[in-house]
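S.K.: Work out the full structure, taking the sequences as your base and the hints as a guide.
Residue 202 in this note's numbering sits at position 202 of the sequence shown; the count goes up by one each step and never skips.
Worth double-checking, as some hints may not be accurate.
Unchecked claim - Cut-off 25 Å, straight-line C-alpha distance, at most; resulting in silico cross-link-like pairs (DMTMM-like, lysine to aspartate or glutamate): (1) K27 with D85; (2) K21 with E111; (3) K27 with E111.
Derived from the structure by calculation, the hints contain no laboratory data.
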Amino acid sequence: MTTPHRPFKDAIYEQFARIGKAVSAPKRLELLELLSQGPRTVESLAGQASLSVANASQHLQVLRAARLVDAEKRGLYVEYRLADDDVWRFFLSLRGLAEARLAEVEHVTREYFTRRGAMEPVEGPELLRRVRAGDVTVIDVRPVEEYRAGHIPGAISIPVSELKARLDELPKGREVVAYCRGPYCVMAVEAVELLRKRGFDARRMEQGVIDWRARGWRVESGAARS
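M.R.: Below, the structure written as structure tokens:
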């Protein structure tokens, strides 16, 4: 039954649907997670998400049309960033809803991490307490530009691609905790595998920077600490 209010209802839900349409592609969700780590150029995002520059640009334009990201011309490059903090909060909420409602999320995750031997508990309250207290050596294994944009206080920047060459910077008698972008980021898994092979007591922390921020905990930014 049509009512006088129907045009308004249709119009408002059409606007809400713009957000749903914008995040309906898996690659666009991945791009949002990458941008949650800090601003990036189209070329950088394309490389991280295994996309061509043209495809990455198309996905970013869809996100921009939904006002989820902003873009700024910097010389020869276009740099994208999240529109504001509400966007990474939305991403975390969407991720949490999928984890709660879709058993496939746990199945895919367990299958991958079990195969890598990395399913042990990684984020109990005691580990987080020790990280916050500085009782362990924390390494941020993301690319350095992400570290500069925001990192856990006291963390040392050692991108996973540099870890093998920089092992002598880490004390062997102290537990090492590696983190990257969050629970589904595999760079920390690779880092822990390497560290354990070299005799380090190493663990992976599921918390990424946006998870840290979501708890209201302080995040630092600026030059890499080594």
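S.K.: Now, for every hint given, state plainly whether the structure supports it.
M.R.: Hint check:
| no. | hint | verdict |
| --- | --- | --- |
| 1 | K27 with D85 | holds (20 Å) |
| 2 | K21 with E111 | violated (29 Å) |
| 3 | K27 with E111 | holds (21 Å) |
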